Structure formats: C-alpha cells, structure tokens
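Colleague: Okay, here's what each chain looks like letter by letter:
There are 2 protein chains.
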Amino acid sequence: MKPAARLYVEAPLAPGATIPLSEGQAHYLRSVLRLEPGRRVLLFNGREGEWLADLTELRKSGAAATTVSQRRPQAPEPDLWLLFAPIKGDRVDYVAEKATELGASRLQPVMTRHTVVGRVNIERLRARAVEAAEQCERLSVPEVAAPRPLREVLEAWPAGRRLFACAEAGPARPFAEALAQAPRDAPSGLLVGPEGGFSPDELDLLRELAFVTPVGLGPRLLRADTAAIAALALWQALAGDGDRRPPPRFEN
Amino acid sequence: MKPAARLYVEAPLAPGATIPLSEGQAHYLRSVLRLEPGRRVLLFNGREGEWLADLTELRKSGAAATTVSQRRPQAPEPDLWLLFAPIKGDRVDYVAEKATELGASRLQPVMTRHTVVGRVNIERLRARAVEAAEQCERLSVPEVAAPRPLREVLEAWPAGRRLFACAEAGPARPFAEALAQAPRDAPSGLLVGPEGGFSPDELDLLRELAFVTPVGLGPRLLRADTAAIAALALWQALAGDGDRRPPPRFEN
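Line by line, the protein sequences are chains A and B. First residue of the first sequence? That's 58 in the working numbering, and the numbers climb one at a time after it. First residue of the second sequence? That's 58 in the working numbering, and the numbers climb one at a time after it.
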C-alpha cells in the first residue's frame, strides 16, 4: 500500500513505537489530505532511518502513528554546508527548499558587506527545509543555523573542510575543474554572495585563506539563488552522491 | 560611466543608430529607474552584440537611445534546449528565469501523460526570459516555443542532437558520467518530466530512442523545477561554457 504521507518527527523510531505527531501534522493529515485512522504513512527522524507506520489517532489537537517496519536504515549523507547571504522575499525560502532537495547538510546565512537583507526568518526557513525533506525522500533535515557575519564564520572554519567560494569577479577556477581534483565525499562548504557580489576586501580575504577555492560558474551573471542551486547540483554530481539512485517507488 | 540599465531590443544595432524603445521600457526607465535623457544604457538584440547607447528621448509613450560604441561582439552561445512539462504557478516562471541565466537557447514546454497543467502562458514566460537575459548579461534571449505533445517533439527530433532525459525511476546513468563522455559544445536537449514523473510507456519510448540518454540526478526526488536547474547547471559546467568568465564589471 502506498503511504499517504511522509513526515519528519522528533521522537525515536523503533519497532512498535507509538509516535506523537504535532498539531500541524494532525491538521495536514485530517484537513488537507482528509485521511482516517488506519492509513499508512512514512516517518523519519534523521537518526533511525525511515519507517512505515499506521495512523492510530487523528484528532484536532494532535495525532499518533505506530511503526510497522523499517523501510530504510539511516545512511550517511554528504557533509555539505551552504553559506549564503540572505536575499529578498521568496527567493530565500526557495534556496532553503532547493538546498534541502540537493542534499545540503547545513544552511548557514552569512552577513556580508553588500547584504541588504538584515533579518532572516530562521523558523520559516526551517519549516521549508522540513517540507522539502519530506517531499524529496531525504532521511534527514538540514540544520538551519542562525545568521552570522561572514568574517566570524571564516575565523571559526573547521580544519579539513574545503570552502568553494562562487566568485563572479577576479580570478577563479571553473567549478567543475576544481571539483574534479577534490576528493569525493570530503566535508565541504559552498559560499554564495549577495546580489551585489562580495566587496573587494571580502574577495581579498577569501583569496588569502588556504581552505578557500574561488570558483566560477560560467560567463553569465547568476542571481544569488541560481548560483546556490547550480553550485549544490555540481558538488553533488562531481563530489557527492550524484551517482546514487532514488529509492524504488511504491506501487499504487 | 556605469550604464543605468541593460535592455533587449529588436532593432538592428549599428554605429550611430537610433533605437526605438518600447512603451514598457520607457516606463521602466522613467518611472522605476527615474532616469533622464543623456544617461548611458546597454542594448543587445541577440544578433549584433552589446552596445553602449545614450538615452536621447524619454517620453510616456516611448523612448529612444542612440548607440555610442559596441561593447561586445555577438558570440556563439551553447545550443541547449530545455524540454519541460509545465508545472504550476510561479514555478514555471522560475524555470524560465533560471534556464535563461543558465544559458538555454530554447525552452520547449512538452505535454506528457502526467502533466497536470493544461495551459502555459507563453507570453509571460517570454517576458521573464527577456528580463533574466537583461540581468545576467547574456547576448541573446532564449526562444520560448509553443507547448507540444512530448511524442510529437520526439518524432520531429533533429539528427545530431542528443537528448538527456532526467529519469527518477528505472535504469539511468549518473548525469555527470554521461556528460564526461559526451562531446563538448554539441547540440543537446534536456528533458524534465512533470511532478508525477513519466508514465511507463513514456519511459519505454524514451529508452528505445537512440538519441536519448536516460540520466539520474542523485538519490533525492527532485521537484521538476529543481531537476531542470540542476541539469542545466551540470550540462553547462561539463559540456557547455562553464569554463568561461563573466565580462568585466563597469567601474562606478
């Protein structure tokens, strides 16, 4: 039986466990999908894989599902951070959605000199990431970190993690070429600047840091959201899990 | 002097030519950017490169600019078609914008068995493509073709053009691997299905056609818009112009 929904939960997943669902999830299952108790759903929590479960309770104030069997064990996922200067309106939500689909493990908003958006609604980005993870069959939800100044993030950069900085101006290697020489599956970060680009002193700083590789994404000036999506897709294809396939579909 | 705007025009561009601008462009220059006659702009028409020009007329009903000098000659661009099943709402506009930024030469909406959107507003997609071409410094605007049934497009497929079909189910080669063996700069097409995927008979048809390579984009189920953007970015990086750089910026 094809599951009627796929939900991210916080609770531990184990055989025969009864998992509480939130008020929001109960509303979605009852009022949007119009499900009844007894329907099959999928649950994942980022730690214990993905489980088939049956809806056992479905009330206005909440719901619950009882696990039936594990469909997929938890599997390691690429360790890929996306650092991005917040952009306006819907576009930042779109970045959160696409970064989740493209397998980022962490979304880190960074404030740069030309960042024009002062406030980031982290809770909204998290909600969008959860929704995208549920849709795309990921076994985890990326962490959405609180915004920090770019310099601070660079100063605290962990040893052993490379940072590919998308640079429209100045010298940069084609990203595909840089990735061809990078080790596969190594902890990495991608940095995408604001619509106005990095400032000259930010570019100088980035070029000085040994863990940074400035990379180019071709001859067209990409919007910040496009650059983020393109860079994520390239990293996954050339250094991540692009050679893997989605899980088999359920028969109807 | 940094140009105040970059505009796509239809008229031939030549030294000292006076180029009529549309009512919409006049409104944008006057009321949105609040420019005055005498200001410098950039013009391109997809045939004769990019030109510096001075605004010579700026009225409610229209405007005109006179070319000063050519900034960049017309250059060949990748010959890359994007075939996509129309999707709902803003997402199809987003695909038009991103495909333009990522250098598609032609956008071809295709109707498949699981396509749920019956009508495509081609004029709106064209307007979005023009806007994106103006922003991203392209020298051309992609053609936006009228929607056609997938089968018809496949039956009329031109000799010598490979089609990479993004397939979530069934056998497929990792797209990066398929591209590594494809000739660079060869006429190509990318096919992205609707949110419900291709039907089994469509998948069978695609696998039978010698010019089609079914390709995979990793283990997560991508939304149709994400798949289109990821595929375009990969093609440009590995078989297109991803090793080129944007033109130098204007000094302020």
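Mixed in with the good hints, there may be bad ones.
Any copy will do: because identical chains look the same in the list, a pair fits if it lies in one copy or spans two.
[Stated by the list, open to error] Here are the simulated SDA-like cross-link-like pairs (lysine to any residue), alpha carbons at most 20 angstroms apart as the crow flies:
#  : residue 1 : residue 2
1  : Lys145    : Arg280
2  : Lys59     : Arg91
3  : Lys145    : Tyr65
4  : Lys145    : Gln192
5  : Lys145    : Leu70
6  : Lys145    : Leu92
7  : Lys59     : Ala229
8  : Lys59     : Arg148
9  : Lys145    : Asp261
10 : Lys59     : Gly254
Keep in mind the hints are simulated off the structure, nothing from the lab. It should be emphasised that the depicted structure is a prediction, and the values quoted were computed from it without experimental measurement.
Colleague: So, for every hint listed, does it hold in this structure?
Modeller: Evaluation of the provided hints:
1. Lys145 <-> Arg280: Cα proximity of lysine 145 and arginine 280: one copy only (11 angstroms, versus 22 angstroms across).
2. Lys59 <-> Arg91: Close inside one copy (16 angstroms), not across copies (57 angstroms); limit 20 angstroms.
3. Lys145 <-> Tyr65: neither (27 angstroms within a copy, 25 angstroms between copies)
4. Lys145 <-> Gln192: Result: close only across copies, 16 angstroms inter versus 24 angstroms intra.
5. Lys145 <-> Leu70: Result: close neither inside a copy nor across copies, 38 angstroms intra and 35 angstroms inter.
6. Lys145 <-> Leu92: neither (36 angstroms within a copy, 24 angstroms between copies)
7. Lys59 <-> Ala229: neither (48 angstroms within a copy, 24 angstroms between copies)
8. Lys59 <-> Arg148: Neither: 33 angstroms inside a chain and 27 angstroms across chains, both beyond 20 angstroms.
9. Lys145 <-> Asp261: neither (26 angstroms within a copy, 43 angstroms between copies)
10. Lys59 <-> Gly254: This pair counts as between: shortest inter-copy Cα distance 16 angstroms, intra-copy 46 angstroms.
The structure fails hints 3, 5, 6, 7, 8 and 9 (numbered hints given earlier, in ascending order).
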